[in-house]
Structures are given as C-alpha cells and as structure tokens.
Amino acid sequence: MSILVNKDSRVIIQGITGSEGTFHGQQMLDYGTNVVAGVTPGKGGLKALDNTIDVYNNVKDAKIATNANTSIVFVPPRFAANAIIEAINAGIETVVCISEGIPVKDMIEVKNKLDNLKTTLIGPNCPGIISVDECKLGIIPGFICKKGSIGILSKSGTLTYEAIDQIIKEGLGVSTALGIGGDQIIGSDMIDILKLFNDDPETNGIVIIGEIGGTMEVDAARWIKENCDKPIVGFIAGQTAPPGRRMGHAGAIVSGGDETAEAKMNILENCGIKVCKTVAEIGGNMKKILKGVHNE
Amino acid sequence: MKIHEYQAKQILKKYNIPIQDGLVVDNRGDINETIKNVQKTFNSKDLIIKAQIHAGGRGKGGGIKYCKDSDDAIVHANNILGMKLITKQTGREGKKVKKIMITEALDINKEYYIALTLDRKKKQIVVMASSEGGMDIEEVAEKTPEKIKKIWINPIKGIQDEQIYNLINVLNLEATLIEECKNIIENLYNCYWETDASLIEINPLVLTEQNKLIAIDAKFNFDSNALYRHEEIHAMEDPDEIDPYELEASKYNLNYIKLDGNVGCMVNGAGLAMATMDIIKSFGGEPANFLDVGGAASVDTVKNGFKIILQDKNVKSILINIFGGIVRCDRVANGVVQAVLELDLTVPVVVRLEGTNATIAKDILDKSGLSIISATSMEDAAQKCVEVL
Chain C
0 MSILVNKDSR VIIQGITGSE GTFHGQQMLD YGTNVVAGVT PGKGGLKALD NTIDVYNNVK
60 DAKIATNANT SIVFVPPRFA ANAIIEAINA GIETVVCISE GIPVKDMIEV KNKLDNLKTT
120 LIGPNCPGII SVDECKLGII PGFICKKGSI GILSKSGTLT YEAIDQIIKE GLGVSTALGI
180 GGDQIIGSDM IDILKLFNDD PETNGIVIIG EIGGTMEVDA ARWIKENCDK PIVGFIAGQT
240 APPGRRMGHA GAIVSGGDET AEAKMNILEN CGIKVCKTVA EIGGNMKKIL KGVHNE
Chain F
0 MKIHEYQAKQ ILKKYNIPIQ DGLVVDNRGD INETIKNVQK TFNSKDLIIK AQIHAGGRGK
60 GGGIKYCKDS DDAIVHANNI LGMKLITKQT GREGKKVKKI MITEALDINK EYYIALTLDR
120 KKKQIVVMAS SEGGMDIEEV AEKTPEKIKK IWINPIKGIQ DEQIYNLINV LNLEATLIEE
180 CKNIIENLYN CYWETDASLI EINPLVLTEQ NKLIAIDAKF NFDSNALYRH EEIHAMEDPD
240 EIDPYELEAS KYNLNYIKLD GNVGCMVNGA GLAMATMDII KSFGGEPANF LDVGGAASVD
300 TVKNGFKIIL QDKNVKSILI NIFGGIVRCD RVANGVVQAV LELDLTVPVV VRLEGTNATI
360 AKDILDKSGL SIISATSMED AAQKCVEVL
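First to last, the protein sequences are chains C and F. The numbering of the first sequence is numbering that gives the first Met the number 0, which starts it at 0 and goes up by one. The numbering of the second sequence is numbering that gives the first Met the number 0, which starts it at 0 and goes up by one.
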C-alpha cells in the first residue's frame, strides 16, 4: 500500500516535450510509472520519450483518450498555474506540480478552484512523490528508495532525499515519500497528508520535516496529538536562520512567535513527536521509537 | 522586492489614493530650487524632508525633519542628503542617503494604520485597519489586538462594500468620511491585486485638520516571482539597497545570504542548506552564510559558489554538502577538485557527498592530493569543518 499514487495510477505528464519534462519523464518511465500520455499545447499528435508516449494539446483530450487520473506538471512558472487549473477542470484526481517560482496571486486563484472541486494538488515548488516500487512522480531519485513501512513528508526537496537515505541506512524502508513544497501557498498541507498516512495500513511510522516560517508544522503537531497513534519523528530546519530573511523557499521566513524553529520544536515535542535536534538524527530516532513501540 | 517611499507614493497616486505629495532630490545643487517648487506646487510654506532608504525607523534616526520655512528646509535637506542614516533596521554601519523627498507639511488630527498582505493560513489576502496609526503596530497587535480589525478577501468575489464598512468601523470616523475611506480601501485592494504586491502598509493614514484622509507614508513589497509582468515596478528596484554579495551571487543564479560566522557552506536545496547551517552550529561552529546552489551542482556552480563564499574574509573553512539525486556525486566531486585547483584554495574544504555514486566520489576526493577532507555523514562533516578552525 501507499498513499496518493500507486501502480494503478494513470499518469499524464504536462510539459512532456520541455527539457525537464523529457528528462524526468524518462526517469519516471524507467522507474515503472504508468505514464499514459503527455500534454504540450500545439504539439498534439507527436510522440514523446523515444516515441513511446502520445502527446495531446490539452489535458481534456489526453484524459478522454487514456482515462488518466493523475498528472505531473513540469511547466515553466509563468504558465504553471494555468496548467494546474486545466488539469483540475479536466477532472484529474491527483495533480503534482514541480514548477518553482509561481506568483502567489496565481496560486490564490488555483487554491480557490481546488476548494470548489475534488482534485488533490501536491506542490508547487516540490520534488514530487514516490510510492516505492510502484509509481514515481517528479524528481525524487528512485534508486535511493527501498520498499518498507515509513511514510515521509517534507516541505523541502533535498531533505526528503536525506530522510529517505537515513531510513534505508537504518535497515528500514519507505511506503510513500513526498515533498509538499516550500511556497507560501501550496495545494496540500501537512495535515492533509498525515490523514492519508494515518489511514494507510502499511505505513507504520511517519517522518515529518518542516521549516521556520508559517504555522503548518504546529497545526500538524496538534492534529497528530488528537488523531494519530503512529510513531512520528520530526525535524525543523532553520534554527540558525536570521529573522526576517528569506532562505530560498518563499515560505521560510521567520516572522516571530510560533514561527521560529525553536518554538516549533517545543510544540512538536509536547504533542508527542520525537524531535531531532539535528538532521542527522532522523533515521536513528525512527529506528529507536519503532523498537519502543514493538517492545510495548 | 522593496521600493522607496516616493515610488510607493507614485503608485498610490495612480490608484487615486490621496498622498502627502512632494518632489525628489538626488543632488545638493537642486535643493533650493526644489524647495521653492514644492512650496508653490503644494501651497505649503512649511515642509518635511524625508530620507529615502528602505529601512524603517527613519524618523528616530534623524532622517525625517519638519521645517518651518524654506531656510530651515535648506539646512535640513543639506544635512540629510548624503548622511549615513542609522536606524534599528540598518544595522550599525547605517545606510547612505542618496535621495530625499521634500513634501508638503500637513496639520494632523488623527493617525490610522492600514495594511494588506497574504494570510498564509487562509490563503487569501487580509486587509487590516487600526485606529492606532503612527505607533509601533507590532506592539499594538501584541497588547491590544482588539484595536486591529481584519477582513479576508475571496479572490473571485473581490472586496465587498459590506466588508469594507465593517472594517473601517474600527476607525470611528465621522459619517462624512466613510465613503472617502471606503474608496481608499477599495483602491488599495485593487492596487495590491493588480501589481502583485506582497505587502502594502500605510502607516500612518492621517486625518488632517481640514478633514481629509491622506497617506503620509507607504511601504510596498512585491512578489519577485511576478515582476516579469510588471516592468515599470521592476525598474524601480534600487541596486544600492541590495547587499553587494547577494547581488553578485544572483548574477550566477545562486541563492546566497551572508551571515556572521566563519564556516562557509555550499549545499543543494534550501531545506538541506538550513539543516546544514544548524548542524554546524550544534557542533560549535558558526555558519558564515546560506548558499543554495540548486539542483545542478556543476563545475561552474561549485566554482562560483567558492568565489562568493571567499569574498567574506571571515571564512576559515568550507563545508560542501550535496545530496546527489539526479546529479551524480562523482561529477560533483570532479567539479570540486577542478574548482579547488583553478582557484588555488587555501581554506580547508570538507566535502560530504551522498546519493548516486557517492563511494566513487569519495575515492576521487581522497586521491586528489588536495586539501579536501571527505566526510561520511553530515555529523562527520560538521565536526570536521569545525575542527579545522
């Protein structure tokens, strides 16, 4: 089992003929992802990824032809919000957007659409999602993963890889790993994903990785305290970040109060999450608390 | 992206929001003439001289002066233009004033606070109003939060009249001013939405003795991802206000922020970069910078990264932490070796490469014969770069 995507996901790649779409699309295919179509406006009728995948002019046509239910967006930021809206309007169930640098205003409009329809959006500005040995959407390197029962949820891309790597090195494995994106407005927040991991019978432990800025980690911790009994390891990046500065992710701005790393770490700890002081402790802590659970 | 007060006022004027108006001077030779012009154009004998720098706290730092007449204005304008203005936001080194705004002076009866920004939690724009303008608004928010009223705007419906009336209720305005204020709020919202702003703050919006509502100061931030569709606003960017190191880094497409420590770091990904800074600190070091080299850590990126880090003379060791996902670690290792050779580096470099071909990469570094120290984990790396200090 896994969350959001699996071997039955029928995937469209939006922006399949661009350089990112071509490169990562090929990696997704090689991993075994069930890619059924590509979309690039004006390039309908072509074949992409070594002549294996049909390209359509829009998501609607691609969906009608292939019965796709999932899409991944590798579209330049200026056009990405429209690409997402196109997928939402076509009735795609799960949309993952990798594009970095989408204007906030565009995302406010996307978010408004999402609230009125049933699509789940992951991202933007994220590394995507991988359900190990089943489906990879985005840019997470597949070969670092091994199948197992730990769910990984992160705001940041490379920290997702770091967490996967540490989990594997401890002899554990991953059910699904995903980055939800570091932008100010994202499609799915931590609680949305935690609910899915909580309901997934094959996820037995969860890693959550947050950052300074915003209140998402704190809201997630409070939700966990009330609703989730699975062992959870948490890490917050940005303990040394100076206040008021933007550290790469638009979201990672400290504006004070509960948004500092220290405040977030305390709240996580108080909500029963095993908090890592440094990033290097993620794998070890997960192994430790899993052992504790089994010994009970 | 931030802009100066005088630029903010140009934008407000376009949106029919009444402002305390004036003219801008950037050299001493123009001061006398401009003072006369402002007095005539805006029919105001007394004037205000306002330093144009991005940092807040200008008044307390001596960058804003009331002048009772033109002689007084000439003295203050000459003092402020070119001064090193130190405020709580400039740091100890201060900021050189290269432009001043000479404005009309107003007779102020009351001061209000109006601001618009994104509420990340509600994913909507929030408009705030308070009767406690001119004060430190963060203090008001903390001590008397009931004095700040907020409304949230649905992006499809836009701002509704009812909402605005509800909001400005908190200002206790006379009935005759309600419509005027409503128009100001509506125009501010349109301005925010149409210009892709990320913050508009009017502090204060004043009620004059003549019963007029006027914006005396204005602060704007814009969403840098949206500047491509606002050329006019983008052109307002003042390179003097950007940290020279960061400006240089942005030329190489590197995301760099200078800090005060002595361990330089070069990392792929913002989250991992922050986590690397944190772990350096936990081993007793102080990070000298934040540097995210992005997805593709090529020879050129590594070389440019080194150049940027080494501009800072405090740097005594450098930690490179790359998680090679799509990028293969052996390629990154070769890039590091080449960059160290070409730049003739003397500062010790600790390298931790993880992911694709990490073992081959470690071998390349170990056999390079250069002063590159390879590390096997993040802890190992953090420890080693602190040890060599």
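In short, the hints are calculated from the structure, not lab data. All C-beta atoms in this analysis are idealised placements derived from N, C-alpha and C, irrespective of residue type, glycine included. Take the hints with a grain of salt, since some may be wrong.
Now the stretches of chain C that chain F is said to cover, found in silico as 3 or more residues with beta-carbon under 8 Å [what the hints assert, rightly or not]:
#1 33-42
#2 92-98
#3 116-125
#4 181-191
#5 206-217
#6 235-241
Okay, the calculated beta carbon distance ranges per label pair [what the hints assert, rightly or not]:
#7 Gly157/F x Asn50/C: 44 to 52 Å
#8 Lys250/F x Asp218/C: 50 to 58 Å
#9 Glu268/C x Glu341/F: 41 to 49 Å
#10 Leu45/C x Gly283/F: 26 to 34 Å
#11 Asp114/C x Leu176/F: 49 to 57 Å
Hint by hint, here is what the structure shows:
Chain F is given as covering the stretch 33-42 of chain C, and this is violated because 0 residues of the stretch bring a CB closer than 8 Å to a CB of that chain, at least three being needed. Using a Cβ-Cβ cut-off of 8 Å, 0 residues of the stretch 92-98 of chain C lie near chain F, which falls short of the minimum of three, so the contact claim is violated. Evaluation of the coverage hint for the stretch 116-125 of chain C: breached, as 0 residues show C-beta separations to chain F shorter than 8 Å, against a requirement of three. Given as covered by chain F, the stretch 181-191 of chain C passes the check, having 3 residues with a CB less than 8 Å from a CB of that chain where 3 are the minimum.
For the stretch 206-217 of chain C, the stated coverage by chain F is satisfied: 5 residues place a CB nearer than 8 Å to a CB of that chain, which reaches the threshold of 3. Note: the stretch 235-241 of chain C has 6 residues with beta-carbon separation from chain F under 8 Å; the three-residue rule is met and the coverage holds. For Gly157/F paired with Asn50/C, a C-beta distance near 48 Å keeps the hint of 44 to 52 Å intact. The hint said 50 to 58 Å for the Cβ distance between Lys250/F and Asp218/C, and at roughly 39 Å that hint is violated.
Restraint check, Glu268/C to Glu341/F: a C-beta distance of roughly 47 Å satisfies the suggested window 41 to 49 Å. The given range of 26 to 34 Å is broken by Leu45/C and Gly283/F, whose C-beta atoms sit roughly 57 Å from each other. Restraint check, Asp114/C to Leu176/F: a C-beta distance of roughly 36 Å breaks the suggested window 49 to 57 Å.
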